[in-house]
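Undergrad: The listed protein sequences correspond, in order, to chains A and B.
Counting from 1 along the first sequence, just add 816 to a position and that's the residue number in the working numbering.
Counting from 1 along the second sequence, just add 1371 to a position and that's the residue number in the working numbering.
Because the hints were derived from the structure by calculation, they are not lab data.
Be a bit skeptical, because a hint or two may be false.
Listed next, the in silico DSSO-like pairs over lysine-lysine satisfying Cα-Cα at most 30 Å (straight line) [to be verified]:
hint : chain 1 : residue 1 : chain 2 : residue 2
1    : B       : K1444     : B       : K1422
2    : B       : K1705     : B       : K1550
3    : B       : K1439     : A       : K880
4    : A       : K831      : B       : K1482
5    : B       : K1482     : B       : K1439
6    : B       : K1547     : A       : K920
7    : A       : K870      : B       : K1439
8    : B       : K1550     : A       : K880
9    : B       : K1705     : A       : K920
10   : A       : K831      : A       : K870
11   : B       : K1705     : A       : K870
12   : B       : K1705     : B       : K1542
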Amino acid sequence: MPSLLEVSDLVKHFKSVQAVNGVSFSVERGSCFGLLGPNGAGKTTTIEIMEGIKAPTGGSVLYKGEPLAARFRHEAGIMFQSTALQEFITVRETLQMFAQLYSKTLPIESLIETCVLQEFLDRDTRQLSGGQRQRLLLAIALINDPEIVFLDEPTTGLDPQSRHNFWNLINDIREQGKTIILTTHYMEEAYTLCNTIAIMDHGRIIAQGTPKELLAAHFSDVVLQLPLEGLPAHFAGLPFETVINRDAVEILSHDVNATIQELLQHGIDLKYLQIRNRTLEDLFLEITGKELRH
Amino acid sequence: MSWARIWAIFKARNMEFVRDRSAMGWNFAFPALIVAGFAFAFSGKPLDMYKVGVLQTTGAKPDLVFFKTDYIKFIPQRDREEAIIAVERHQLDMLIDTDNRRFWINQSSPKGYILERVLYGTLAQLETYTRATVTGREVRYVDWVVPGVLAMNMMFSALFGIGFVIVRYRKNGVLKRLKATPLTAFEFLTAQVMSRLWLIMLVAVLVFIGTDYFIDFTMHGAYLDLFIIFTLGSLCMISLSLLVAARVRNEELAGGLLNLISWPMMFLSGVWFSNEGIHPLLQKVAQALPLTHLLDASRAIMIDGSNLAGVSSQLFILLIMTAVFMLMGAMSFKWE
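In isolation and in its complexed conformation, chain A is listed as follows (with noise of 0.2 Å):
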């Protein structure tokens, strides 16, 4: 798929700050992009250079092979990570305010049966809740049927049932063959959406590819994982590579089969055993080091 979006050599100082150091990538057309990190890590800044809200202090970002120019602002749609809006104002003169600012729009009905917002449509924006909020600006972000959008932490503060119902909307964005790019703190939700990620630390993208192909560079073990209570005192000197994870002990294998022959040899009870494989987030804190901050 030919590029959309290409983004070489990205800089940006802050006085004494190096947000970004030195970040490229490019954005395949109808893609779903994912952009990781900490809190910190230089995401936001790298968004909102490519959405041309800031400035770089070096590098490039070209959109269809030109700089960003009045034709990107007719052409992308932006969801900020925390936006107000005009007070006092209603859900539907808010989109109809908004529609009035491009030249080309779809159909006000047709966005508000996109992102649900039938219910509150006469109600001021400051009485909106989280979800409603998002979905309304997610609305705003698709007013101008937008070839590229952007949505950074479109989800962060939304309780579980109302993230995944996000999720589908973003689905059926992506389904339309729009590119997404996204920025987020939730490695279930970079792993159900994006196509692509690139996962930033200290201003540098410190790994990029598929979910799969990152998951498979990175790991070629299983976890087994046993509850902490219950563990007899001679485990401690068992020959296994293990991580304490809160109230359980994870065992890194890479042979189950032997791992647990070895375990029933020494007498360990796996009644409450459960085995997983490796996500997103046991890649997150192996290369970044830390843990996520939601």
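Go by the hints and put chain B onto chain A.
TA: Just chain B now, kept in the frame of chain A:
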């Protein structure tokens, strides 16, 4: 430039203003309450003190018995024309020219009549004084203060209504969201200026009509001339506010800056009292303030019956100030 985009932002801002009942109510109530307060305060019977202007162009006041009368305040006058106008407006009850042995009173002033009788009774050489009469309605303090209050309300509404809103928009991210659309800074600012201007003028017209109904203040000039002056004055204040709000992203700082501008204007530009008596240096400072020129022009039209040609210097200064503030504000404007 797209008028559709300007219209969209203009409409949204108007809806915000109109639906914010507390802010809108205050915009109407504030000037009306002040004028009503002054009308009430000055509605009582004034102190029975007679005021006589004494024209002295050639030397000391002659030793007349009339000048020794109690309860009469004798006020030296230098300019004859101005002093006659003061008699017309009942600011002086009589004007006496001892050099030319002449006096003026207002035909409709009972005090003028009494003073004439007192003068007749105290002068030995009565026949040498020529009596002259003028006509004119009394200019009360409330007539003088009404243009001040209206202009002050315009100033506050323009400075805080534009400056605060833009800084708030910048702080909470509304501006950032709008920047992500095809809307240009020029279109956004035009919409803000238009929205605030028409709201200020609407409030001014309604307060003007309402206040006039209850107080019946002096209006000698043309309404259209006054409307033009008020429009230009408001535009000038709005432009000044745009300049203040061009980059600031902190409401406290914006509030401080706007207070720093508005309070000197309120006290130096002559809202409550004439600035003729203040220190010459402060008078020069007042000339740099747009409210001074707006007030001078509106009082000239309302009280003196002047026209646009008569206030052309104030018009010109306001135009220049508007252009400079607007240009600097637009050039230094930042979305974030």
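Undergrad: For every hint, state whether the structure bears it out.
TA: Hint check results:
no., hint, in the structure
1, K1444(B) x K1422(B), "5 Å, holds"
2, K1705(B) x K1550(B), "10 Å, holds"
3, K1439(B) x K880(A), "95 Å, violated"
4, K831(A) x K1482(B), "75 Å, violated"
5, K1482(B) x K1439(B), "17 Å, holds"
6, K1547(B) x K920(A), "21 Å, holds"
7, K870(A) x K1439(B), "80 Å, violated"
8, K1550(B) x K880(A), "21 Å, holds"
9, K1705(B) x K920(A), "27 Å, holds"
10, K831(A) x K870(A), "15 Å, holds"
11, K1705(B) x K870(A), "12 Å, holds"
12, K1705(B) x K1542(B), "12 Å, holds"
Hints 3, 4, 7 from the list above are not met by this structure, while the remaining hints are.
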